[in-house]
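Novice: Chain by chain, the residues:
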Amino acid sequence: MKVLIANRGEIAVRIMRACRELGVATVAVHADCDRLAPHVRYADEAVGLGADEAVDSYLRIDKLIDAARRTGADAVHPGYGFLAENADFAQAAVDAGLCIVGPRPEVIALMGGKTAAREAAARAGVPIVPGSGGPLPAGASDDELRRTGEEIGYPLFVKAVAGGGGKGMRLVRPGADLVNAVRGAASEATAAFGDGAVYLERAIERGRHIEVQLLADAHGTVVPFVERECSIQRRHQKLIEETPSVAVDEATRRALAEAAAALAREVGYTNAGTIEFLLDRDGKFYFLEMNTRLQVEHPVTEMVTGLDLVRWQLRIARGEPLTMDPERALAPRGHAIECRVYAEDPDAGFLPSPGRLSAHRPPAGPGVRVDAGVESGFEVPVHYDSMVSKLVVWDEDRSAAIERMLRALGEYEVGGVPTTVPLFRWILRLDDFAAGRFDTTYLDRALAGRDGTPFVDLPADGEETAILAAAVHTALRGGSGGGPRREAARSWRRAARLEGLR
Amino acid sequence: MKVLIANRGEIAVRIMRACRELGVATVAVHADCDRLAPHVRYADEAVGLGADEAVDSYLRIDKLIDAARRTGADAVHPGYGFLAENADFAQAAVDAGLCIVGPRPEVIALMGGKTAAREAAARAGVPIVPGSGGPLPAGASDDELRRTGEEIGYPLFVKAVAGGGGKGMRLVRPGADLVNAVRGAASEATAAFGDGAVYLERAIERGRHIEVQLLADAHGTVVPFVERECSIQRRHQKLIEETPSVAVDEATRRALAEAAAALAREVGYTNAGTIEFLLDRDGKFYFLEMNTRLQVEHPVTEMVTGLDLVRWQLRIARGEPLTMDPERALAPRGHAIECRVYAEDPDAGFLPSPGRLSAHRPPAGPGVRVDAGVESGFEVPVHYDSMVSKLVVWDEDRSAAIERMLRALGEYEVGGVPTTVPLFRWILRLDDFAAGRFDTTYLDRALAGRDGTPFVDLPADGEETAILAAAVHTALRGGSGGGPRREAARSWRRAARLEGLR
Amino acid sequence: MRVEIAVGGRLHEVTVEREPAHPGRFRVTWDGATRLVDARIVERAGREALLSLVRLDGAAGSREVRCVETGAGGGLAVHDRGVVWRTVVNGRRAAGADGAAAGGDGEERVTAPMPGKVVRILVAPGDEVAARQPVVVVEAMKMENEMAAPRAGTVKEIPVEEGTSVDAGRVLAVIE
Amino acid sequence: MRVEIAVGGRLHEVTVEREPAHPGRFRVTWDGATRLVDARIVERAGREALLSLVRLDGAAGSREVRCVETGAGGGLAVHDRGVVWRTVVNGRRAAGADGAAAGGDGEERVTAPMPGKVVRILVAPGDEVAARQPVVVVEAMKMENEMAAPRAGTVKEIPVEEGTSVDAGRVLAVIE
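Taken in order, these protein sequences are the chains called Y, L, V and W.
Mapping of the first sequence onto the working numbering: position 376 corresponds to residue 376, and the numbering continues sequentially without gaps.
Mapping of the second sequence onto the working numbering: position 107 corresponds to residue 107, and the numbering continues sequentially without gaps.
Mapping of the third sequence onto the working numbering: position 86 corresponds to residue 86, and the numbering continues sequentially without gaps.
Mapping of the fourth sequence onto the working numbering: position 17 corresponds to residue 17, and the numbering continues sequentially without gaps.
Just to be clear, a hint being listed does not mean it is correct.
If you only want the chain W side, here are some residues facing chain Y, beta carbon under 10 Å, derived [unchecked claim]:
1. Ala21
2. Ser52
3. Leu56
Since the hints were made in silico from the structure, they are not lab data.
A virtual CB, placed ideally from N, CA and C, is assigned to each residue, including glycine.
Please take these sequences and the hints and turn them into a complete structure.
Specialist: Okay, here's the thing in structure tokens:
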């Protein structure tokens with residue numbers, strides 16, 4: 001077996017590690033700016049795709065299929081992102097006689113459609129967020145609207161069918177006037193999209209993002225895993241994931257697993273996938289969507305179950321049956337947390353920070369796993385997303401795992417570009433985080449409530465060392481520093497303090 | 001609690017990681033040449049001991065106690081090596097009012113004496129290697145000698161009481177003449193040591209080195225752990241350790257654990273310790289010695305049990321009781337292997353190779369743990385032992401762990417100094433290793449039987465890349481290489497091939 | 001040698017004296033206290049230097065720090081164990097803690113803080129803009145970033161077009 | 001430019017041509033085949049250089065390798081993903097695969113292969129020694145290492161004493 005990994009960065013390296021452990025040959029692909037990236041060096045063979053922009057490289061189906069043909073690869077692993085949920089790519093691979101390490105193209109297409117996925121969930125008996133199910137009749141009377149609203153329950157959203165970006169959307173709290181909201185949303189939607197159709201959907205406020213990893217083989221066996229909690233998000237971007245969730249008890253865990261497995265069976269799912277749910281404050285959960293691929297956050301599941309999800313992906317693709325005890329997938333040992341380290345500057349409004357990593361010294365030691373796609377000296381490209389690595393820890397329980405993560409974050413040295421490491425140090429010390437009191441909107445609210453102090457706790461002797469270093473550096477340089485010139489004013493960083501930190 | 005770590009390198013960093021996770025402050029000590037070592041940077045405070053040689057720095061009890069006093073440390077962790085099994089140091093620490101993270105000084109002294117330790121084992125009912133128990137009577141007749149020999153059983157060793165270095169020692173196989181051997185050994189011992197006293201001890205041939213980690217708290221609870229197998233040794237230096245052992249079944253595991261716990265109770269042991277056994281081919285085991293400290297190879301035990309031994313050492317030192325379920329310590333999950341990476345050149349007779357690490361890129365990803373005391377740019381000192389890091393892997397079973405170790409070894413990049421990494425690649429691919437067919441003498445025999453080929457499997461395109469690099473490097477340098485001068489002959493490396501590898 | 005070092009919002013008058021007998025040894029004095037250190041540059045690459053500091057005065061703090069010269073105004077970022085201290089050596093702080101709110105006269109340039117691609121231009125030359133009003137959107141790492149006017153004024157020039165790839169520091173707009 | 005490169009016991013006649021239009025691009029030919037690469041030195045420190053090689057001819061092998069100049073005879077060690085290829089550029093191989101057995105005339109020096117401390121001297125000036133006979137024991141990293149005579153001869157000089165700390169390359173004995 002020879003697998004072409006149609007991806008880059010940490011996930012390409014992650015997949016190649018699994019390949020190597022199984023004795024499977026690997027082919028890397030790379031855009032021009034990734035020629036010296038770790039994933040290229042790691043592979044047995046590498047094919048240049050030309051260009052830098054993803055649309056001309058990692059997203060070019062023709063080039064990828066051609067690279068597989070030229071290198072004699074017989075399988076393709078898409079990773080996550082890029083073409084991972086692109087049914088056309090999967091179909092092109094199948095048409096080229098390649099085995100795709102993932103579900104069948106039809107299943108990718110089916111679950112990629114919001115309505116079709118929701119209908120499949122309903123058929124499988126998986127709870128979905130209650131709603132009108134389709135557009136409200138254009139001529140509905142006020143009474144009819146109110147009756148529908150009562151049936152769904154408040155609070156609820158009025159949403160434009162053609163909507164997006166919050167336009168044509170209204171939140172209606174209990175006791176508020178639904179009719180006005182429907183008329184207003186329809187009018188706004190007509191203006192914005194030329195289509196005034198709206199529908200109703202229950203609003204799950206302060207819900208938690210809970211997801212169920214599953215594996216399904218070609219022989220009908222589906223194994224759902226203990227849930228992951230991914231509620232710590234900034235503007236819908238996941239930052240911290242963990243397993244198990246503090247909000248899920250054993251009964252809910254079993255119910256989530258059964259729901260996920262039922263949906264997977266309903267659509268004839270194969271390989272690894274994840275079903276995302278919203279968990280409300282009463283412990284009820286609702287289907288959100290299915291990700292028909294490996295997730296960024298799969299390592300936390302691996303750490304508490306001891307099962308290697310990527311190796312299983314490859315085995316399933318080879319037609320092997322799932323032989324593990326399914327109980328093991330549902331019986332987490334200890335607790336695992338992942339922090340996604342992004343090249344973004346939390347002290348400058350999360351400004352993206354591509355550039356050369358003058359140093360990359362990841363933490364190590366007991367219970368620490370770092371999946372990185374970068375190394376010292378690597379130039380983090382401006383063309384792709386900003387994730388540089390995933391820092392994952394395991395420990396006996398959640399509070400120990402938090403301490404271990406803080407220890408690991410303290411060890412992590414990244415030079416040259418600011419990252420979200422200091423942000424994580426702050427989050428992990430929040431009382432609410434320690435208590436598990438959060439939902440998907442928590443972090444945005446917590447960030448909005450900050451007073452602008454930098455994210456890092458400063459070492460006690462740090463300022464002294466900084467002065468010493470600056471003084472001695474100046475003496476060794478033989479210079480007198482920058483002289484009396486006024487520092488260049490940079491609008492985007494006007495407010496950044498001289499005492500600032502990354 | 002503030003702990004002074006009276007050690008350096010990877011174990012100092014390992015201990016500080018545990019301290020940090022428990023919120024315990026740390027004090028590093030360092031010789032001059034270690035001023036910029038990772039363990040110094042890791043600590044909350046650091047005290048210079050002056051000098052480079054261990055005897056003037058890490059072995060100076062007075063300086064260490066003084067450093068603890070000056071920094072206000074209230075505990076000392078000795079690590080392994082250096083003063084870790086020095087009862088005088090432990091006593092000096094106790095006298096200075098410091099808590100020692102280890103057993104009481106009397107217990108260190110007791111178990112440090114070979115005869116006393118053996119007697120304690122016998123009292124505890126732990127099997128010891130059968131022997132005459134003391135010197136043979138000087139005037140023993142031939143018949144008396146033969147009777148004693150029969151009682152002990154053959155093969156056996158005649159050993160000089162004052163012996164060492166193989167002098168005054170004879171191996172007597174079944175059917176060979178014991179009397180001649182005794183007379184010969186006595187005569188040789190008289191000549192060599194001025195003392196002709198000899199004793200008899202059963203020779204355990206082709207035995208395996210099996211050891212039992214244990215923890216004991218101050219409240220009388222002793223928890224023995226699943227065994228470690230450390231038979232892969234070169235000249236009695238451990239190279240690879242793993243757990244569980246392929247040679248130990250569940251009944252033997254229980255018996256080993258009971259024996260270890262009985263001995264620990266017999267001597268009133270506290271904190272972490274390890275009891276080493278020799279396991280013969282019939283599955284019988286014999287007490288060898290007790291190490292009254294943390295072992296180098298403790299991480300493999302941590303990886304299969306999920307218990308953090310160093311954190312438990314600190315907790316025990318604080319007086320906390322052992323609260324874990326003792327069954328967990330005896331029920332390994334999966335398999336763990338450790339390779340000790342030494343700065344030694346396996347292709348040059350294991351010549352020590354101190355020097356600057358131009359690169360240190362340890363492997364990472366699922367199931368891999370690297371405990372290192374070095375980093376890129378660090379100068380590995382000539383003054384201490386040659387271990388630079390420990391590479392530990394965990395996987396679901398032994399054969400998967402071997403594949404994962406090979407994957408990790410392949411990722412490990414060390415520049416500047418040769419290491420034993422290529423040696424491990426060779427060992428891990430040996431059929432005997434895969435089958436678990438080895439004893440403590442296996443590796444020396446296997447090394448002696450090698451034909452001198454380098455230790456590395458060469459990458460297929462490696463030579464092409466080397467030529468390309470050499471050619472382009474020469475062009476970029478603008479030079480023409482070394483010119484026609486004859487390469488300086490170095491006697492110690494005469495036989496090293498131009499095509500050689502480290 | 002006397003050096004003015006600004007860090008943490010405070011200015012320190014620092015005296016640096018070489019020890020003649022020991023190359024690489026310095027006495028560094030500020031706030032009435034003197035520190036004794038051995039210092040050397042371990043490696044240098046462009047504007048970065050890895051500086052080894054060994055305290056000889058009994059204090060903790062022996063380690064390697066990374067010094068990166070930033071900008072032309074004496075800026076020196078000291079990277080110490082994952083924390084960056086932004087110092088200014090013999091420089092002057094930009095007037096006011098927040099220039100954007102301070103208004104003022106003369107031209108102000110809106111520059112790209114990182115490389116990226118101009119995806120939208122929100123104003124045209126001649127437009128009046130308020131302080132902090134977004135003027136250009138630059139995409140980098142799949143994120144859109146609004147670049148705002150530093151102060152109220154009139155757009156004098158937009159020297160980029162939609163689709164232009166820009167390096168860090170490239171002028172995106174000039175406000176007067 | 002023509003270069004002789006010895007590696008793996010074989011000597012290769014290699015032609016290196018720069019591509020005038022592309023700085024850093026080379027055509028490298030040996031054994032009848034031409035490779036096209038972009039090459040640049042990413043960083044250099046003393047005798048070490050990190051060399052980036054990007055294959056433009058469709059072959060695998062784009063990566064960074066570390067080139068370390070060894071000795072004075074054109075030795076160049078190419079570190080590639082954990083493997084070290086010892087090449088000699090425009091050099092001559094030392095005569096014979098094993099000089100120690102080859103005997104010969106003139107002086108031979110026994111040098112320390114690594115830094116360490118002389119812990120025992122096993123011979124004295126004037127002693128006859130056999131090939132491979134240990135003459136000095138050097139301790140490094142807590143290990144004792146016997147340094148042997150490269151060939152049979154007479155000990156001319158032992159320029160170290162027991163207890164002497166030695167650097168790598170220091171002459172420990174001279175055999176004639």
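Novice: Compare the structure with each hint and give your call.
Specialist: A quick look at each hint next to the structure:
no., hint, verdict
1, Ala21, "violated (18 Å)"
2, Ser52, "holds (6 Å)"
3, Leu56, "holds (8 Å)"
Figure legend: structure checked against the earlier numbered hints; the only hint not met is number 1.
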